[in-house]
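Q: Each chain is listed here by its residues.
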Amino acid sequence: MNRFLVKLFIFSFFPLATLYGVFLLENGTADPFYQRFTTPKQEALILGNSKAAQGIIPAVLDQKLFQEFGAKIYNYSFTVYNSPYGPVYLESLTKKLDENSKSGYFVITVDPWSIASDINDPDNPDKFEENGRFLAKIDKVNSGQNFTYLFDWFSKSYYEILLMKLKPNFSKLHSDGWFETTADMIGTSEPERRKQMVDFYNDYLTKYRYSEKRFKYLQKTIEFLQTKGSVFLVRLPLHQDILEIENELDPDFDSRMNFISQQYEIPYFEFNDSKIKWQFKDGLHMTLESARDFSDHLSKEILLSRK
Amino acid sequence: MLFNSFEFLLFFPLVFLLFWFVFQKNLKAQNSFILLASYVFYGWWDWRFLGLIAFSSLVDYICGLKIGAAEDTFKRKVYLGISLGVNLGLLGFFKYFNFFIDSTVQMINTIGFQANPYSLQLILPVGISFYTFQTMSYTIDIYRRKMVPTKDAVAFFAYVSFFPQLVAGPIERAANLLPQFFKKKVFDYGLAMDGMRQILWGLFMKVVIADNCAVFVNQAFNNPESQPASNLLIGAVFFSFQIYGDFGGYSNIAIGTGKLLGFNLMQNFAFPYFSRDIAEFWRRWHISLSTWFRDYVYIPLGGSKGSKYQSLRNILIIFLVSGFWHGANWTFIIWGGIHAALFIPLYLFGKNRINIGIVSQNKALPSFYELGQMLVTFSLVTLGWVFFRSPDIISAVGYIQGLFDMSIFQKPQMDIRVYLFIILVLIFMMLEWGGRREEFAIQKMAFHKPILIRYGLYYGLVMAVFLFARKEQEFIYFQF
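Sequence order for the protein chains is Y and Z. Per the working numbering, the first sequence starts with residue 1, numbered consecutively. Per the working numbering, the second sequence starts with residue 1001, numbered consecutively.
For reference, chain Y alone in the conformation it holds in the complex (with noise of 0.2 Å):
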């Protein structure tokens, strides 16, 4: 039996190191979220849903703001599905946040989604979707291999990370938490993905609601960061078909966003206003240049903002 167990552990010790080495390799290429429990805790976050994790790109915003706020910003973005404001997204947050830190910048990302559940009772934290999901169930989000999340949440199977370094690479998350991705990955073209979108979209029409608890919890959350330094509401700009599914969706948006900035003194800037037209993927998502371009936008509107 010794033998048997000996011989067991030995050989279990090779395969086991390889895997920890595989791992190791995973930059990014091979799952949208991963690193961003990986990465140390962060003084400045960027916060939202899809638009946010691809249209805004820390590294521009830290070319002007770096000098201003003295932090770095990490951008801690998911999707619509994981992370709407909630007693889910709050406390990962306040994980990925540097205890100690107190002059950090925030730039809050809202849309009507963010503050809507697709539940029967959208006011019952309880039954909130993202319960069940790894923001939740995830304790540490910021150590160097992340177990929980390469045992339960890892999208693919691993070999996908080896793959990924012999094939060209549609998407990337940044070290930084920003998620590159190149139109290249849907194949088809700007219109036929605006379409599926629009019709993706208008679907989740007739099942999300608005949900007062979920906007209480983005006042919760905007307090919280309010100790942690300056705080910045961002809705993102759009294409004119998606604009109108939110607007149907939350009439009173930007009245409630405008409320907030008020109550809490915060900037809130509607990007949907501007003159600038920047270029979407799929109607939702920012393009490459536009994405860079935004940024700097964002960040020569936070600037003026502090003026």
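Because the hints were derived from the structure by calculation, they are not lab data. Glycine included, C-beta positions come from ideal geometry on N, C-alpha and C. Please note: incorrect hints may appear among the correct ones.
Claimed, not checked - Example chain Y residues on the side facing chain Z (calculated, C-beta under 8 Å, incomplete):
#	residue
1	F13
2	P15
3	L150
4	Y159
As the list claims (entries may be wrong) - Over the 12 Å line for every Cβ pair with chain Z, so calculated as not near, a few chain Y residues:
#	residue
5	T29
6	S101
7	G144
8	K277
9	E289
Let chain Y serve as the given structure and place chain Z on it in line with the hints.
A: Below, chain Z without anything else, positioned relative to chain Y:
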């Protein structure tokens, strides 16, 4: 609890260590522990159905004793009838109730009368098709005086619920497995190592081959009408490997797990895709079920002893029953019928037992003729699987029609990873070919090579399992 789950990864080492280090003192302790572990294993899925397996075990335990004690044939028949009635009743109720009701309603509606569909929201208890067959073999064998009943209730209950093979077989005969519960287990290094190799091979079959083929199979079968024939061909061929990897993999893990606890379970698959005709395929595929039907249905019906007509009837019956055993759907019955139709000509021409041994026993490679035979058999089996996988007969016929189209020469419209898995399937088949003389492919593979090569092979397989694992995928045969 799934074999390929994190829970089992914790459960089994704990069971293994407790079994060999704490409960090794005496036989009673070993059996009691196996019984407890088996009930935990089964109850993990749904504890409410533990009552069902305990009830089935109790009925057969008592009926076995009564049949054994009775000299009067009538009494023996009564107790056998109770045992069969209870087991088939449970199976019939949980597995076939809705099928019979729906089919009857459809038939009544077809002939012009009106009947309303009525069905119960029944959950199919996992493994019920396996353990009911296993316990029936016990009472039938006692009735036939092929074995004596046991008074050791713990051993009997442990035999019925033995967790490695409880939910998806192999369907063990009492004559093989039950006596193993009467002998105190002593750790056997060679058997344990063999078990580890078999588990590794089973995991490779399930996690690397079956689960990854499933992705492309689902794409092909979910929407066949909108896909080129080349996609459908890949879907059908990959399903052949999915079902083999899934079920053969489960059997290997089950048998290997049994070996680690000192038990020898029967071989369930013997390299079926190297069969040279359908008859050989059925001697190599799901052996525990086909021999069960042979011994408890085909032979009692008269087997091949009666007239040609009776023999053909018996063959047809066991193939149809075998199909129906797999599920309450006409597709499974048609699948059984197809195999009967392929088998019967061989039987009529006396060719059903010409390919008994291992293909190319003393050669490294098959002859072109043997290769042709294997490819034809594989193709026929694959066509049969289309019915097995499709949700209904119309879909299956549509799928097969879709295969016969010029678009079979088109480049498949599938994710580029399909080529990676074609290569993996080829590697899998090469390893199977290399190990076809053994119980499972890697049983003695590279034994005479330097240790680095042998352990390199195991290392490669373990890494493949780690790297290609998808999120926990259920075993297909759990539903049967």
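Q: Hints first: check each against the structure and report whether it holds.
A: The hints, checked one at a time:
{"no.": "1", "hint": "F13", "result": "violated, 11 Å"}
{"no.": "2", "hint": "P15", "result": "holds, 4 Å"}
{"no.": "3", "hint": "L150", "result": "violated, 11 Å"}
{"no.": "4", "hint": "Y159", "result": "holds, 4 Å"}
{"no.": "5", "hint": "T29", "result": "holds, 15 Å"}
{"no.": "6", "hint": "S101", "result": "holds, 36 Å"}
{"no.": "7", "hint": "G144", "result": "holds, 20 Å"}
{"no.": "8", "hint": "K277", "result": "holds, 35 Å"}
{"no.": "9", "hint": "E289", "result": "holds, 28 Å"}
Violated hints, listed in ascending order, are 1 and 3; each of the other numbered hints is respected by the structure.
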